[in-house]
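Chemist: Fit chain B to the known structure of chain A by using the hints.
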Amino acid sequence: MKSITAPALQGTDEEIRTLIELLHATGQRLEQLTAGEVDAVADSEGRSFVLRHVQERQRHNEAAKQAAILNALPAHIALLDAQGIIISVNNAWRQFAALNALPSPQFGVGVNYLALCDHARGEGAAEAQQAAAGIRCLLIPGGGAQSFSLEYPCHSPAQQRWFLMTATPFADDPPHGVVVMHIDISERKRAEGRILRLNRVYAVQSGINALIVRVHDRDELFRETCRIAVEAGAFRAAWIGVIDPQTLDGRIVAWHGADQDFIRSIKLTARGATAQGEPPACRSLRQGQTVICNDIATEPSLAPRLDVLLQRGYRSMGCFPLTLAGQPEAVIVLFAGEPDYFDVEEVQLLANLAANISFALDNLEHEKTLNRIDAQRQQGEESLRRFSSAMDATADAIYLIDRTSMRFIHVNDAACRMHGKTREELLALGPVALLETSRAELERTYDAIIASGADAEPLELLRLRQDGSQAWIELRRHAQRTGERWTIITLGRDITERKRHEQEILATKTRLQGMLDAIPDLLFELGLDGRYYAYHSPHQELLAAPKEELLGRTVGEMLPAEAADAVLSALREADTTGRSAGKQFKLALPQGILWFELSVARMAVVHGQEPRFICLSRDITERKQAELELRENEARFRSLINLSTDWYWQQDADLRFVAFSGGDHVDGWGKDQLTWVGLRRWEIPGIAPISGTWQEHKALLEGRKPFRDFEYQRLAGDGALRFVEASGEPIFDADGDFAGYRGVATDITLRKSAEHRIRRLNRVHAVLSGINALIVRVADRDALFHEACRIAVEDGGFRLAWIGLIDEAAMELVPIAAAGTTTDAGTLVNQRFSLVEETPRGNTLSARAIRSKEPVFTNDVPNDPAVVFQAEHAQRGSRSMAILPLLVSGETVGVLALYAEETGFFDEEELKLLTELAGDIGFAIDHLAKEARLNYLAYYDPLTGLANRSLFLDRVAQHLRNALAGGHGLAMLLIDLERFKNINDSLGRPAGDALLRLVADWLTSHVEDASLVARVGADHFAVVLPEVKQDCDVARQLELTIEALVEHPFRLNDAVFRVAAKVGVALYPEDGADADTLFRNAEAALKRAKASGQRYLFYTRTMTATVAASLSLENQLRQALDNDEFVLHYQPKVNLVSGKLVGAEALIRWNDPRSGLVPPVRFIPVLEEIGLIYEVGRWALRRAIADYLRWRAAGLPAVRIAVNVSPLQLRQRGFVAEIGQAIAIDPQAAAGLELEITESVIMEDIKHNIASLQAVRAMGVSIAIDDFGTGFSSLSYLSKLPIDTLKIDRSFVIDMTTGPQGLALVSTIIDLAHALKLKVVAEGVDTEEQQRLLNLLNCDEMQGYLFSKPLPAEVFEARYLAAASATAA
Amino acid sequence: MSRRAIFRFRLYVAGEAPNSMAAIANLAVLCRVHLPDRYEIEIVDVFRDPKRALADSIFMTPTLVVLTPPPIRKIVGTLSRTQTVLLALGLPDIAA
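Read top to bottom, the protein sequences are chains A and B. For the first sequence, this note's numbering assigns the number 1 to the initial residue and increments by one for each residue that follows. For the second sequence, this note's numbering assigns the number 1 to the initial residue and increments by one for each residue that follows.
Since the hints were made in silico from the structure, they are not lab data. A portion of the hints provided could be inaccurate.
What the hints assert, rightly or not - Restraint-style ranges between C-beta atoms, simulated for each label pair:
id, chain 1, residue 1, chain 2, residue 2, range
1, B, L67, A, H176, 45 to 51 Å
2, A, A82, B, V29, 43 to 49 Å
3, A, R47, B, L67, 33 to 39 Å
4, A, A125, B, I43, 55 to 61 Å
5, A, A125, B, V29, 55 to 61 Å
6, B, I43, A, R47, 16 to 22 Å
7, B, S80, A, R47, 25 to 31 Å
8, A, A82, B, L67, 48 to 54 Å
9, B, S80, A, I16, 34 to 40 Å
10, A, N61, B, V29, 16 to 22 Å
11, A, L22, B, I43, 30 to 36 Å
Cβ atoms here follow ideal geometry from the backbone N, Cα and C, with glycine treated the same way.
Chain A on its own, in the form it takes in the complex:
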């Protein structure tokens, strides 16, 4: 860098100024030049200078760093200058000051901190002033203090806090300021406090432990404990209270640190809570539990005495129970000056302490006994001094020592003896030498004794006797003042024996305890009354109750009665004989029911005391359980064996039987079994295996495998065949070698025979059902017999079966059919048997059966003399036979003979079944005969050859029986050939009949069994499906059938006809259980099918109502005609122009007595359906004519009456004739009649209708075409129709007013009619508008509600005819 030339100087100031400016400018320029990235520049000498802006930045950074550090520190920091003014503070300072508006630290930069501290007042003032002084020291130039610190408390109401204030001067000299830091050391302090406290507790503990060792009596123990607690433990106060176990009242026996008044104010009791609650100490005493109250102020039970407590500064208290022999005896209560004093650690330590004290109490008890003797001895020592001669008499060594001279004053004889020295020698020796100690030491000891004013601890020394043996000497010392001198009285006793005794006892105790602990049994010390005195054993879990509860109580109180009795009786036995063993009892414990066995021994009696017993109770639960199990097993085993047919067998390793058990009572076994001992199974006489061969069984035994259900048979001694089932398992001995087999066996003879019987019966059942099914089907008697025999042999397993009928004329039995496994069946048929009684053959079984009308049988053919052809039968192997008579109407007409292979085949059950069978066959015979005899016609339809309704129903009944027996369903179908009547009417009867025959044939061939089809009505067929498994089967079959029927072309005289059918189906058992019900319901279903348009319908229950209703309607209508319930109503037709009556339409109404007037739409279809329409139509015709004639006769201006004709009527062949007949009654009649026929009907068969109508018209009756416009008119025919009037349908009349089209339509019709020279009548004219329009269109007549509704004859007559006549007149 080149140096910058300096301008001329004008004096120093000028120079300086210029320099500064230059520097300034340079600095700025440099900064610009280097873009602020350069820190320092160097001059020509290489000295570098930091640029100003960098310096500033550095300063700034430093300051920031410092501030960050200050803020990061957990202390509240303030920087003071040399005057003590706060120059800066960190965040913590600010926060603390903000949170705690405390007088001492206030934040506020600029404030003089020292002044603040000086002027501090109130709590912490001293510390503040101290702080100020300290800080000032630091600011002293010339190195004052290095640093100053001060701890001070700063408690808030919420918690206790401590702070440490440190002040450190800045590092320069003199310091330009101080850093003041306040650190929160509350945690540390609290920890310190805790440690201090614990230390105190430890101090207490060790003090008390030291106490326990040396203390002699309880009161001292308690006193000292309290003292140590307060002094070493720094508790405010401590007291100990004891409880009187009887009254549960307590009293305070020791205290320290508290004043009398306070102690007196305490009420101690263990009775429990009072109204004010239970103070902690009482609760502790009562429960024997540690009770802590860490804030007395908040303990409700202490509230009454709160001020007393707080006055003394007691803030927390701890109550620790002291026990004697485990029972709460006393409580020690410690008071602390702070709340929350007792934390977990502390409580634990104090509780331990209390336990130690308790232990000490226990020890003291024990020592008391020992001490009693000692005390006695001590007493002796006292008086000893006074009676020196007595001294010599004692066995103990007595030494009197003068403290001042440290020499013996006197020693007694015993002392001399003990040491083996003469008195003089001893006196000369002196105590120091005797004790082999130093004078100083001994002096100290004696001084201590003197100072303590109490007896020193006894000293035990081990000394060698003269004879070299060891001796223990116990020295007891006592200080006594004599004038100004002190005398030490020492008692020495040879306690070698005692020591040894003690050691022995200890050893024994230890050994004993070890033994006891090793015993798993419970050891009790009981009194004769069963009272528990002691319990020795570590096993608490087997006790009936915790140990503490047992002691002092009796077994009667603690154990259940049964157990207690066992114990008491054992005790009594032990009392009498000295011991008792073996008594057992059980106890229910949490872990289950346990058994115990008692061993009781009476303890050596101590004089005067009640006898005590040691009682050992051993847990024998396992043993007992094993016993019980064993007994159970044995019982089970025995019961198994004792089952009526079971026995137990055992074989040795050679598989020879060695023993049997339990089979004595089994038939045929007992004696036999004895003879089997020593035999192997297959060597038993008469034995044969059933399940497998001997080889297989032997192989299994070789394999040492167990086997089950091995069946064999044997011939028993009594000749009977017996069957056995045996099971066995191999036995292995302790070494695992095969030792034989053992197992059980059962006589299954009965079971086997039962099995046989069942099989046989099944066969008989098979025969029965087969034959029953047969009976229904068969029509031919001989076929029946053959089938029956076949079934008996094939299904029934009989060897031979034959049926014969009686030829009465020849008194012979003629076999008709036979079947059998031998060829003799054929030859048999050619036989004839005489039935004449006297002949030998007359006494055959058959003859007997025939005569007696009862089954005759023999179960042992070879041996029965009554059997004919015995030899033959024997040859064939028939051993049993039965002859069953076949009865018709009570008379025997034949026999059924059955032969079986086994003997004893025919038993009661079988015979019953066979008798039934014979009955069925008899029935069949009868039935067949009847059938043949009866009038053919009665059962058949002559036309088709099918069965008629009666036969059909009979057959159905039979099928139903089978269905019931066989458990399957049955379906009955009723088939209606649609519109058959029409065909009949149009084609004539012969054609119709032929068609029917064709249909019948078709049905028969379709169903494949003529017997299932019947003709039950003119155009009704019925089919029965005798075996129906599922309803859908029927439906399917039906569909197929109907389809086939509909498709089938029936050819008749070169014409092909196709029929349609509707089917009604009734099912068994849903739709009925007898033939008639099924038929009725099939009919109902059919009706519904016809009404609904479905091809077929199944009958269901819900149909009943509707069908019944319609059926009843049918009936009602049938009756209606007879009961004159039909009436004619007349609706007038008027001339549109003149309004004059020109005619009337007669409308049939039905006056149903039940429901009133029924409109035709409701009943006309039914009439048509039931074919009643003709009659009703005829009636209507005649009625109308009659009315007309009547009016005419009455002189009224009768008008032509129009009667509606139904299509059915029109189609009727005799239609014209009928009209003719109707009007024939009067020549005038024709003029009063008009027939209204709907357009569609006429057009149906136009050719035929034209002829009919012409004929009618020719008679003088006019014809009107009704509902014109609604049908399909052929206009060409329209002109040819012999009609007079055209009636416009009401729909057109209504449409007239809806639009121009409607109007145009009506107009056109009218014009057309007029063109055809027809009169036009508008129907359903209801409004005047319609009338007006019609008028405009030139309609001729009208009919409708506008003028009048249809009226009964009388009303019509009165209103219109009479009036007209009146008007006319």
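Modeler: Using the frame of chain A, we list chain B on its own:
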């Protein structure tokens, strides 16, 4: 320029002045990223060793002297513009 050449740098700093600190940091990063395992850095504090600065004719700090590979180059500033520095070092433009 061989890529295997070792770069020896000497960085003159002014004590703990901020730009100097920045230069040290930037140089370290640059070397670590772009010249891994082939650099050596020597830091010279001009306040401690003013003579060296003089000897090396350093007038401004921070200044980076690139000793090897030749030629010797001097770069003044905080070395924060890595691209510029790399260019000055003659290294190809490596996308940072």
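Chemist: The structure should be examined with respect to each hint, and the outcome stated for every one.
Modeler: Comparing the hints with the structure gives:
1. Hint check: B:L67 to A:H176, Cβ distance near 46 Å, so the stated range 45 to 51 Å holds.
2. Between A:A82 and B:V29 the CB atoms are about 45 Å apart, so this pair conforms to the stated range of 43 to 49 Å.
3. For the pair A:R47 and B:L67, the beta carbons lie near 24 Å from each other, so the given range of 33 to 39 Å is not met.
4. Distance hint for A:A125 and B:I43: a CB-CB separation of about 57 Å, consistent with the stated range 55 to 61 Å.
5. At about 59 Å, the CB distance of A:A125 to B:V29 agrees with the hint of 55 to 61 Å.
6. At about 19 Å, the CB distance of B:I43 to A:R47 agrees with the hint of 16 to 22 Å.
7. Judged by the Cβ atoms, the range 25 to 31 Å given for B:S80 and A:R47 holds: they are separated by roughly 27 Å.
8. A hinted range of 48 to 54 Å for the beta carbons of A:A82 and B:L67 is consistent with their spacing of about 51 Å.
9. Range check, B:S80 to A:I16: about 38 Å between beta-carbon atoms, so the 34 to 40 Å window is met.
10. The hinted window of 16 to 22 Å between A:N61 and B:V29 holds, with their beta carbons roughly 21 Å apart.
11. Hint check: A:L22 to B:I43, Cβ distance near 32 Å, so the stated range 30 to 36 Å holds.
Hint 3 from the earlier list is the only one contradicted by this structure; the remaining hints agree with it.
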